[in-house]
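*Asks:* Each chain, letter by letter, is given below.
2 protein chains.
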Amino acid sequence: MDAKEDRETVTEAAPKTLSDKQDKALDAKGGAARGPGRRLHGALAHKLGTAILSGQYVPGDVLPGEVAFAEELKVSRSAYREAIQVLTAKGLVASRPKAGTRVLPRERWNLLDPEVLAWAFAGEPDVAFVRDLFELRSIIEPAAARLAAQRRSKDDVRVMRDALAAMRRHTLTTEAGRAADRDFHDAILRATGNQAMVVLSASIGAAVHWTTQFKQRSRELPRNPIPDHARVFDAISAGDADAAAEAMGVLVDLALEDTRTSMGQGAGAA
Amino acid sequence: MDAKEDRETVTEAAPKTLSDKQDKALDAKGGAARGPGRRLHGALAHKLGTAILSGQYVPGDVLPGEVAFAEELKVSRSAYREAIQVLTAKGLVASRPKAGTRVLPRERWNLLDPEVLAWAFAGEPDVAFVRDLFELRSIIEPAAARLAAQRRSKDDVRVMRDALAAMRRHTLTTEAGRAADRDFHDAILRATGNQAMVVLSASIGAAVHWTTQFKQRSRELPRNPIPDHARVFDAISAGDADAAAEAMGVLVDLALEDTRTSMGQGAGAA
DNA sequence: GTCTCCTGATTTACTCCGACATATTACGGC
DNA sequence: GCCGTAATATGTCGGAGTAAATCAGGAGAC
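If you read the protein sequences in the order shown, they are chains A and B.
Each residue of the first sequence is one higher than the one before, starting from 0 at the first, in numbering that gives the first Met the number 0.
Each residue of the second sequence is one higher than the one before, starting from 0 at the first, in numbering that gives the first Met the number 0.
Hint data in this document are derived by calculation from the structure and do not stem from the laboratory.
Misleading hints may appear alongside valid ones.
[Claimed, not checked] The calculated lysine to any residue pairs, modelled on SDA-like cross-linking and capped at a C-alpha distance of 25 Å, are:
hint, chain 1, residue 1, chain 2, residue 2
1, B, 46, A, 78
2, B, 97, A, 78
3, B, 46, A, 107
4, A, 153, B, 130
5, B, 73, B, 37
6, B, 153, A, 78
7, A, 153, B, 105
8, A, 46, B, 153
9, A, 97, B, 261
10, A, 73, B, 95
11, A, 73, B, 94
12, A, 97, B, 78
13, A, 97, B, 95
14, A, 73, B, 77
15, A, 97, B, 97
16, B, 73, A, 107
17, A, 73, B, 76
18, A, 46, B, 93
19, B, 97, A, 76
20, A, 153, B, 128
21, B, 97, A, 37
22, A, 46, B, 95
Since we're looking at a predicted model, the values are computed, not measured.
Start from the sequences, fold in the hints, and give me the full structure.
*Replies:* Next comes the structure, spelled out in structure tokens:
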């Protein structure tokens, strides 16, 4: 019937046919919505993960017992336990018989896990953490650009060129433009031929994605980011390692500056 | 009575009082042993994780159905599912109703997760991957040393001095010495005051730990690593950022060289 | 008299089981 | 060729029983 109309909304598959009981229970608690492809335990993990990342539970806190908490959340123990296993796998909590499930110290958290990163940015982001991420980015990306300039294949260059063109067409104000931005940086990391770099790319890309959203939130971008990207592309394309590293360094610094001023509206960042 | 005698076997706490049925089932499959603090689903996740990391299952492969596989592994469906949730959280697999559980492409794997890293080094390590990790290390650690030189507190310096002293006492041939080595590098990462760095420290530290074991496996260390570390310490202690970065660069390069020659015995590394 | 070590009881997570609900794929009818 | 229907595997549920770690109590040594 109207299934076709729903399809026409394209892109992200909207939550459609849902079980009534479970979602009401979660929605009632103000928690994460559940959609297709998003199982109950996944939504639970999201809910609990954001609660921990937002400081609602601090390291050392011990969660209520399985039976009590599962009942409070209106889910079965199975679903609750599976959610806890997810959090355990990401280093957020640890459970032991008799001792209960307690939140681990922050340094045990896998903060570079893309999902944890998403949880960290679900609420108001920690300004200090964003600064740390950009600092990491300012170390990784110039080095990656240097390696990419030395090792890039024709195919890598083509992908980067396409991404750059897409960035020109749409701008960073559109989702398509931001996706192109991610593709551009991702292509550079991949061109290094280093698996570890590619994995970090997923994390850093996620972080950039979230911070970019915050930039957009406050006002129009004051500066055109295309020339910076073009300089990086030209250097990598020409195989000039030093120039690539330097251009990328400039790009990241400027991005950090933009983000800082956008976010600093609330907090007094120097 | 004889409990004391058991203690005298020292080092690794041997699995002692165990449930009989489960462990026999796992041992029979040649799988991961289960000990205190190691739950059944954790052991299962380890077993399946190593199977995936070792290439026993390749991306795109679909695992047997829940009921069939759980029965084959001699565990309940609950325990099996919880193990799968762990693998899902680390990006190794994804399950969908009717479609089954399939192994995701490598770029989706959270290779920087300490546990995944451990699984990767459980069997014969991939030489290319070790090279990638050292390349990442050669980017991160010098930059971290630079930041540490600028920001280190008195306390940081003290921890580093203690670790260095411990390295001198025990050598890298003992476990205590290797722990001191980890502490030293960890202290540097922490001294940067950057959370993201500290998290990476856990990953890189794990990687270094595993590769160091491989170095030990082949032969005595040909070179004394203390002077390299001492140079780094002196530079950081003196607050000389450039010297710290340079000394750390040398240290990592030499470590890579040692590892390469040790591992290259089998594979023909240039 | 105080402290340490051992032993036990209790609480909690862990594991297992069997059933039902739901989502997705694949087949067959229109 | 499109749409509805049925089959199948994952997802969710609730409860029962097991194993393990912590806390409290008591016996022994200093």
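*Asks:* Each of the hints needs a verdict: does it hold here or not?
*Replies:* Taking the hints in turn, this is what the structure says about them:
no., hint, verdict
1, B:46 to A:78, "holds (23 Å)"
2, B:97 to A:78, "holds (19 Å)"
3, B:46 to A:107, "holds (23 Å)"
4, A:153 to B:130, "holds (24 Å)"
5, B:73 to B:37, "holds (17 Å)"
6, B:153 to A:78, "violated (48 Å)"
7, A:153 to B:105, "holds (23 Å)"
8, A:46 to B:153, "violated (40 Å)"
9, A:97 to B:261, "violated (46 Å)"
10, A:73 to B:95, "holds (23 Å)"
11, A:73 to B:94, "holds (24 Å)"
12, A:97 to B:78, "holds (20 Å)"
13, A:97 to B:95, "violated (34 Å)"
14, A:73 to B:77, "holds (19 Å)"
15, A:97 to B:97, "violated (38 Å)"
16, B:73 to A:107, "violated (32 Å)"
17, A:73 to B:76, "holds (22 Å)"
18, A:46 to B:93, "holds (20 Å)"
19, B:97 to A:76, "holds (24 Å)"
20, A:153 to B:128, "holds (23 Å)"
21, B:97 to A:37, "holds (15 Å)"
22, A:46 to B:95, "holds (21 Å)"
Checked against the numbered hints above, the structure violates hints 6, 8, 9, 13, 15 and 16; every other hint is satisfied.
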